[in-house]
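J.: One letter stands for each residue in the lines below.
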Amino acid sequence: MSNIVFDAVTRVFRRDGKDFPTLDGISLEVRDREFVAIVGPSGCGKTTCLRMAAGLEFPTSGRVSVGGKEVTEPGPDRAVVFQQFALFPWKTVWDNIDFGLRNKGVLEAERRRRVGDIITLMGLEGYESAFPHQLSGGMQQRVAIARAYVLDPDVLLMDEPFGALDAQTRTVMQEELVRLARKNPRTVLFITHAVEEAVYLSDRVVVMSRRPGTIREVIDVASVRQSENWDRLERIEEVMDQDSFVHLRTRIWKLLREQQAPNDH
Amino acid sequence: MATARSTPGGASRGRRAVWVGAAAFAVALVLWYVLTTLTGVIGSARFPSPPEVFAAFRQLALDGYADGRLHQHVLHSSKLVLMGFAAAVTAGVPLGLAMGWSRRVEAFVNPIFLTIRPVPPLAWIPLAIVWLGLGDAAKVMVIWFAAFVPSVINAYTGVRSIEPYLLEASRMLGVRGWSFVREVLLPAALPHIFTGLRLSLQASWTTLVAAELVGAALGLGKVLNASAQDIFPAMILIGMVFVGIAGGVMTCTLALVEARAAPWRQG
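First to last, the sequence lines map onto chains W and F. Counting along the first sequence from 1, when you hit position 21 you're at 12 in my numbering, and nothing is skipped either side. Counting along the second sequence from 1, when you hit position 43 you're at 668 in my numbering, and nothing is skipped either side.
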């Protein structure tokens, strides 16, 4: 079982002797093999939540655990896909994907098979010996996702992974992620501020309030997806055309609107 | 250079730049010939004419001057530069990396380093002579001081300017120990390290010539010093040209090594 549990998590930043609460009492469980997206206004602490699950930051009070174990440091069991891709510029596509497996001590033959498989799955054939700077943003993000998936992690933490991509590439990547997630389900925590993306990808959408971040509402998308049978639809625009999709999207939009400060619109 | 490469037609623009440069050089040579040999506007005691310079070159290359022939002077100077440079870089780069990575090392080393840093390398010459005499060892020591500082500072900057998300990615991938140093820290700092090496190399040559001017048995600085005492402008010029050539060859070699060591930086 590899769930992510936030138990009464708060986070306070201290600056110039003053306390700035950024997260205030977050309790949430991302269940095993569930895809949960967090949306919220900028600065609400959604990225901080993900970083705490990754072990890159820690709560001021409360507890974050993955698979029942409290998170104390980063590790390959909780693979992160960063917004800035964070590929190693001096490593080829193959070596970037292979690096984590090598550190885990996986044997050469198995590594070659697993890296080869994920390269095929992500459509990266022919680019194995390219360096990241030779690839487009979309291709670089594919490599970053492949690098996370190849580790066969318990949970996958994605921090606005498509935020830096142009609209078309973003759409393609969203479709591929859905394909990948159906084929190879994982526990996923996905941060975004794109509402459509959140509804399209996830089983549940968590809407956060503005700073200090609290959970405003949790919206169940999976049951609507199932009852309306979205998965029969190939393309993202077909799903987005469904009344049920529009309804969910509008509802989340309204919730987010309410979170906006009166003077920033 | 990078912009020329990335724009279409960059290659032809680069070729044009080479031609323009060659033309400027040719104009300068013609002017030199006209002002000295042809018209005598500039007397040969002030600035030598082309035939005089060529004669000086022949003399230095074939018969020798200042106790050695051209190749002996060049090799001797280059050897001292390489020794001082290599010793400085081997000590400086690891120290800079360690200071960049560990606050504790930085706190320990920085006060000493900051005290030594503002002292111009040439100011070490008297002390080097008192300690090690007028021989080669003193020159290597002074070169070491000159080359040490830039290699430390740039290796340090290299570590400090690593993108934080690359460090986070490497922690997430479980990269540890020697593998971290070799596969993350070093390549990430490499561009800055090479900047440091380039500056160190330049400082090495500057310092070497100055140190050889003070006193040397052999070397390009000695050629310069002897020709100044002999009031032999043509030989001074030859000495300067070969200091430039020897330094330039080493800088180019370093650039080739850098291209080899960091193939991912080619656009």
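Hints should not be assumed to be uniformly reliable.
Claimed, not checked - Residues of chain F clear of chain W, computed beta-carbon distances all greater than 10 Å:
1. L660
2. R728
3. L752
4. S786
5. M797
6. V800
7. R801
8. W889
To be verified - Pair ranges (Cβ atoms, derived):
9. F:T782 to W:K245: 47 to 55 Å
10. W:D10 to F:R729: 53 to 61 Å
11. W:E99 to F:L881: 48 to 56 Å
12. F:L881 to W:R104: 48 to 56 Å
13. W:E167 to F:E788: 55 to 63 Å
14. F:R729 to W:T241: 54 to 62 Å
15. W:G114 to F:R729: 40 to 48 Å
16. F:L879 to W:E99: 52 to 60 Å
17. W:S18 to F:E788: 27 to 35 Å
Source of the hints: derived by calculation from the structure; they are not laboratory data. These numbers come from a predicted model, not from an experiment. For glycine and all other residues, C-beta sits at the position ideal for the given N, C-alpha and C.
J.: All hints, please: hold or fail.
T.: For each hint, the structure was consulted:
Distance check for F:L660 against chain W: the nearest CB is about 50 Å away, which clears 10 Å, and the non-interface claim stands. Interface exclusion of F:R728 from chain W stands, the closest Cβ pair being 19 Å apart, more than 10 Å. Interface exclusion of F:L752 from chain W stands, the closest Cβ pair being 41 Å apart, more than 10 Å. In this structure F:S786 is separated from chain W by more than 10 Å, as the shortest Cβ-Cβ distance comes to about 13 Å.
The beta carbon of F:M797 is not kept farther than 10 Å from every beta carbon of chain W, the shortest such distance being approximately 5 Å. Listed as a non-interface residue, F:V800 fails to keep its Cβ farther than 10 Å from every Cβ of chain W; the least gap is roughly 5 Å. The Cβ of F:R801 does not lie farther than 10 Å from every Cβ of chain W; its closest approach is about 7 Å, which violates its non-interface assignment. Listed as outside the interface, F:W889 is inconsistent with that label: its C-beta sits roughly 4 Å from the nearest C-beta of chain W, within the 10 Å cut-off.
Taking the beta carbon of each, F:T782 and W:K245 are about 49 Å apart, inside 47 to 55 Å as hinted. W:D10 and F:R729 have their C-beta atoms about 29 Å apart, which leaves the hinted 53 to 61 Å range violated. For the hinted restraint 48 to 56 Å between W:E99 and F:L881, the CB-CB distance of approximately 33 Å leaves it violated. At roughly 38 Å, the beta carbons of F:L881 and W:R104 sit outside the given window of 48 to 56 Å.
W:E167 and F:E788 have their C-beta atoms about 26 Å apart, which leaves the hinted 55 to 63 Å range violated. As the Cβ distance of F:R729 to W:T241 is approximately 56 Å, the hint placing it in 54 to 62 Å holds. Taking the beta carbon of each, W:G114 and F:R729 are about 47 Å apart, inside 40 to 48 Å as hinted. For F:L879 and W:E99, the hinted distance range of 52 to 60 Å is not satisfied, since their beta carbons lie about 36 Å from each other.
Take W:S18 and F:E788: their Cβ atoms lie about 33 Å apart, and the range 27 to 35 Å holds.
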